[in-house]
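Counting from 103, one number per residue, gives the positions in the sequence shown under my numbering.
A few of these clues could be false.
[Said to hold, decoys possible] Pair ranges (Cβ atoms, derived):
{"no.": "1", "residue 1": "Arg232", "residue 2": "Cys150", "range": "31 to 37 angstroms"}
{"no.": "2", "residue 1": "Ala196", "residue 2": "Gly217", "range": "29 to 35 angstroms"}
{"no.": "3", "residue 1": "Lys258", "residue 2": "Leu145", "range": "28 to 34 angstroms"}
{"no.": "4", "residue 1": "Glu177", "residue 2": "Val135", "range": "25 to 31 angstroms"}
{"no.": "5", "residue 1": "Asp249", "residue 2": "Lys160", "range": "17 to 23 angstroms"}
{"no.": "6", "residue 1": "Thr235", "residue 2": "Cys150", "range": "15 to 21 angstroms"}
If you're looking for bench data, these hints aren't it; they were derived computationally from the structure.
All C-beta atoms, glycine included, are put in the ideal place defined by N, C-alpha and C.
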Amino acid sequence: MIPRPLALAAAAAIGLAGVAAGRADSGTAGAPVLNPAQSQFLLRCGGCHGTTGLSPPKSVPVLRGRAGWFLCTPEGREYIVRVPNVARALLDDARLAAVLNFVAFDLGEGSAPHGAEPFTGEEVRAIRARPLTDVPLLAHRRQVVNDLIRRCGAPKDLLVYGGAG
103 MIPRPLALAA AAAIGLAGVA AGRADSGTAG APVLNPAQSQ FLLRCGGCHG TTGLSPPKSV
163 PVLRGRAGWF LCTPEGREYI VRVPNVARAL LDDARLAAVL NFVAFDLGEG SAPHGAEPFT
223 GEEVRAIRAR PLTDVPLLAH RRQVVNDLIR RCGAPKDLLV YGGAG
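All chains should be built: construct the whole structure from the sequences, respecting the hints.
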């Protein structure tokens, strides 16, 4: 019998590989092989945001099909790097940039604006040095999302988080 944590991790890996079809190599005997960004997302973010970016929206922001919208404005782009759990992630800048790119472009499923640039390690280093610890996070997020809705045509359900919506 496979231990429960190992079985859950395997199931999550298979689901995550399905979200990023074409981004993961096929593994031995059909088992998916995740790239480093997918693995780090699964280990560091998947517990709350869901292994495929789907989570209970009023508790944790849904990433799947939505995360790319934050790349529409400089404020949105900075926001997703400055969220305290992101800014303080125990990853170097290049690895964190890769995870953010996976979230925005792969889990985001086309929600990133045409021509949006991927994050770089240098950009992440500069932004994460200022984590959002001095502002009410929910209010700040609501302001950023309202701006995305107004300026970029982001869907209003992007506001659904933290009891809002």
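Going down the list of hints, with the structure as the test:
no.: 1; hint: Arg232 / Cys150: 31 to 37 angstroms; result: violated, 23 angstroms
no.: 2; hint: Ala196 / Gly217: 29 to 35 angstroms; result: violated, 22 angstroms
no.: 3; hint: Lys258 / Leu145: 28 to 34 angstroms; result: holds, 32 angstroms
no.: 4; hint: Glu177 / Val135: 25 to 31 angstroms; result: violated, 36 angstroms
no.: 5; hint: Asp249 / Lys160: 17 to 23 angstroms; result: holds, 21 angstroms
no.: 6; hint: Thr235 / Cys150: 15 to 21 angstroms; result: holds, 19 angstroms
Consistency with the previously given hints fails for numbers 1, 2 and 4, ordered from lowest to highest.
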